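Asker: The primary structure of each chain is shown beneath.
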Amino acid sequence: MENTPTNMFEWIWLIATQYSQLFIEGTIITLIISFAGTITGFIVGFIVGIVEDSKITPSDPLPQKILTRCFKIIFKIYIEVFRDTPMIVQAMIVYFGIRQIGIQIDPISAGILVTMLNTGAYMAETVRGGIKSIDIGQREGALAMGMSPIGAMIHIVLPQAFKNIIPEMANMFLTNLKMTSVLNVIGVKELFLQAKTAGGTYYKYFESYLVIAAIYFVLCFLFNRIFLLIEKKMAGKKDYVLAVEYMENNE
Amino acid sequence: MKTNEKGSKPKNEKASKPEEIIRVEELSKSFGEHQVLRKIDFSVKKGDVICILGSSGSGKSTLLRCINQLETQTYGKIYFEGKELGKTQKEINRYRSRVGMVFQSFNLFNNMTVLKNCMAGTRKVLHLSKEEAHDRAIAHLKSVGMAPFINAYPAQLSGGQKQRVAIARGLCMNPDVLLFDEPTSALDPEMVGEVLNVMKSLAKTGLTMLIVTHEMGFAHDVSSRVLFMDKGYIVEDAPPEKFFTNPDSGRVKEFLSRYIQKDKENGDE
Ligand SMILES: Nc1ncnc2c1ncn2[C@@H]1O[C@H](COP(=O)(O)OP(=O)(O)OP(=O)(O)O)[C@@H](O)[C@H]1O
Ligand SMILES: [Mg+2]
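Listed in order, the protein sequences are those of chains A and B. Heads up, the final residue of the first sequence is numbered 257 in the working numbering, and it's a clean run with no missing numbers. Heads up, the final residue of the second sequence is numbered 1157 in the working numbering, and it's a clean run with no missing numbers.
Derived from the structure by calculation, the hints contain no laboratory data. Keep in mind that the hints are not guaranteed to be accurate.
When the alpha-carbon atoms are kept at most 27 Å apart in a straight line, the in silico BS3-like pairs for lysine-lysine are as follows [stated by the list, open to error]:
{"no.": "1", "chain 1": "A", "residue 1": "Lys78", "chain 2": "B", "residue 2": "Lys975"}
{"no.": "2", "chain 1": "B", "residue 1": "Lys1004", "chain 2": "A", "residue 2": "Lys244"}
{"no.": "3", "chain 1": "A", "residue 1": "Lys169", "chain 2": "B", "residue 2": "Lys1004"}
{"no.": "4", "chain 1": "A", "residue 1": "Lys78", "chain 2": "B", "residue 2": "Lys978"}
{"no.": "5", "chain 1": "B", "residue 1": "Lys1004", "chain 2": "A", "residue 2": "Lys239"}
{"no.": "6", "chain 1": "A", "residue 1": "Lys138", "chain 2": "B", "residue 2": "Lys1004"}
{"no.": "7", "chain 1": "A", "residue 1": "Lys184", "chain 2": "A", "residue 2": "Lys238"}
{"no.": "8", "chain 1": "A", "residue 1": "Lys61", "chain 2": "B", "residue 2": "Lys1012"}
The calculated label-pair distances, taken between Cβ atoms and stated as ranges, are [claimed, not checked]:
{"no.": "9", "chain 1": "A", "residue 1": "Ile232", "chain 2": "B", "residue 2": "Asn1039", "range": "26 to 32 Å"}
{"no.": "10", "chain 1": "B", "residue 1": "Ser944", "chain 2": "A", "residue 2": "Glu237", "range": "39 to 45 Å"}
{"no.": "11", "chain 1": "A", "residue 1": "Met253", "chain 2": "B", "residue 2": "Asp1109", "range": "27 to 33 Å"}
{"no.": "12", "chain 1": "A", "residue 1": "Ile160", "chain 2": "B", "residue 2": "Tyr963", "range": "32 to 38 Å"}
{"no.": "13", "chain 1": "A", "residue 1": "Glu237", "chain 2": "B", "residue 2": "Gln923", "range": "44 to 50 Å"}
{"no.": "14", "chain 1": "A", "residue 1": "Ile232", "chain 2": "B", "residue 2": "His1015", "range": "34 to 40 Å"}
{"no.": "15", "chain 1": "A", "residue 1": "Ile72", "chain 2": "B", "residue 2": "Glu1129", "range": "54 to 60 Å"}
{"no.": "16", "chain 1": "A", "residue 1": "Asp90", "chain 2": "B", "residue 2": "Ser1046", "range": "45 to 51 Å"}
{"no.": "17", "chain 1": "B", "residue 1": "Ala1074", "chain 2": "A", "residue 2": "Met253", "range": "25 to 31 Å"}
Predicted model, so just to flag it, every value in this text is computed and none were measured. We put the CB at the ideal spot given by N, CA and C, even for glycine.
Same shape as in the complex, but just chain A:
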């Protein structure tokens, strides 16, 4: 080091440039875990939410009734457990628990798994609420024309529920992006851990964490704008084009 930094800003610059590799790697890992964990978490949330919302009707065959009931109970416990414990503890338990039973899971996979389970537990309620918010007439309209209950769900109810819960999904993604920082406890080289490493050499933790604070901020800020844009797009056009070729001139 030819010239030692003399003030905070020079230190920040030095750390940011000297360890840029670490920060870039950390950013990528943070994004990978957030995306993978959130997307898989949504899928889990949808499945759990749909099962939670499904009703057992007397005409169902017995095995189906038993299966549905079992799943409902399991999912209820799952949701409760994951909502009532901190993610940092979940991370430790999942990571070391899986290793204990002899599976050599790597920290990133464990991180994705924890994020997924956490997201799923929260999204299940959101999905259920989203489904409930869709007028029952939509489903009945589909059933009445001979669509199967599953078909009505997939083609009619879910697309509408999905639209309603997009804001919540965007929210969840941003939360996850920030929550990945707790995964440093299981050795995931995401942004937080990288900052710790980078700051450690010179004992300049404050400056190092300022660097990742800026990165987190920029990421969240950008994604927030992107989601708002998508929402706007999804809201649909206010106008429609009259199909003039089918107009009749007798009005």
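With chain A held as given, fit chain B with the ligands onto it using these hints.
Answerer: Only chain B with the ligands this time, still in chain A's reference frame:
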């Protein structure tokens, strides 16, 4: 146009009698303790236009919903083309694809355009080709005067327009029977006419229809039979001429006199 595609030979020699499509036997429905339908018996023949009248809460909607199997009866049987309805989901779906329903609240799919609404059933249930489904949708939308609006979403239409689309959507399935549950009750008065006109012309095509309605004039002019429901019973089942001039049931007489009185107050006609 309609050829005998299934190649089924006419079973009955008495060709003068139209075939029975739906028969309901001792149909009963309770919600918990509350019995809404009480051993309903009646049958629907091909080409029948049956209007179902009755005061609020008498079970008219529940009857239609049982016929479409949106509600499962607690007792009694429904026969379709002489066969009792199957219990499996598959059988119910197949049956429903042939017995359409038009709702008071339209129930158009909000996530789809008018065109997609009319193609949903033919594509997802009947598995027609895209072209065929499209052509059918356009043809039926034309017949209800809604073809120019194929690109619109339900939220962009008036009530009367929505209901005409809903009828077109039902027709796209080429149903054997179409059920209507108060199709004009949610409409502004100036839009009632356009929907009733569509239904009148449908009746002329020979489509079998079961219509719950409060439109007396329509019931009088269009129906082949009028049913009157009261507290879960069918208390009158008569041709319109008899129903409106000389009903057997005291409840119907009372109902009609009240209606006529209201009509005079409103200064209609
Ligand atoms: N899902 C349900 N659960 C409980 N009770 C119900 C249900 N659906 C209908 N009912 C009851 O059944 C009775 C008949 O209802 P129904 O909707 O069939 O009447 P209706 O003749 O169609 O009346 P309206 O002219 O007001 O539409 C009512 O007392 C109603 O409260
Ligand atoms: Mg009703």
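Asker: Determine for every hint whether it applies to the structure shown.
Answerer: Hints, verified against the model:
1. A:Lys78 / B:Lys975: With a Cα-Cα distance of about 25 Å, the restraint between A:Lys78 and B:Lys975 holds, given a limit of 27 Å.
2. B:Lys1004 / A:Lys244: OK: B:Lys1004 and A:Lys244 at ~18 Å, within 27 Å.
3. A:Lys169 / B:Lys1004: With a Cα-Cα distance of about 18 Å, the restraint between A:Lys169 and B:Lys1004 holds, given a limit of 27 Å.
4. A:Lys78 / B:Lys978: Holds, at roughly 25 Å.
5. B:Lys1004 / A:Lys239: It holds: about 20 Å lies between the C-alpha atoms, which stays within 27 Å.
6. A:Lys138 / B:Lys1004: It holds: about 23 Å lies between the C-alpha atoms, which stays within 27 Å.
7. A:Lys184 / A:Lys238: 24 Å, holds
8. A:Lys61 / B:Lys1012: Holds: A:Lys61 and B:Lys1012 sit about 23 Å apart, inside 27 Å.
9. A:Ile232 / B:Asn1039: 26 to 32 Å: Since A:Ile232 and B:Asn1039 have Cβ atoms about 28 Å apart, the given range 26 to 32 Å holds.
10. B:Ser944 / A:Glu237: 39 to 45 Å: At roughly 42 Å between Cβ atoms, A:Glu237 and B:Ser944 fall inside 39 to 45 Å, so the hint holds.
11. A:Met253 / B:Asp1109: 27 to 33 Å: Taking Cβ atoms as reference, A:Met253 and B:Asp1109 lie about 30 Å apart, which means the hint holds.
12. A:Ile160 / B:Tyr963: 32 to 38 Å: Given about 34 Å between the Cβ atoms, the range holds.
13. A:Glu237 / B:Gln923: 44 to 50 Å: Given about 48 Å between the Cβ atoms, the range holds.
14. A:Ile232 / B:His1015: 34 to 40 Å: Because 38 Å falls inside the window, the suggested range holds.
15. A:Ile72 / B:Glu1129: 54 to 60 Å: Since A:Ile72 and B:Glu1129 have Cβ atoms about 57 Å apart, the given range 54 to 60 Å holds.
16. A:Asp90 / B:Ser1046: 45 to 51 Å: 50 Å, holds
17. B:Ala1074 / A:Met253: 25 to 31 Å: Because 27 Å falls inside the window, the suggested range holds.
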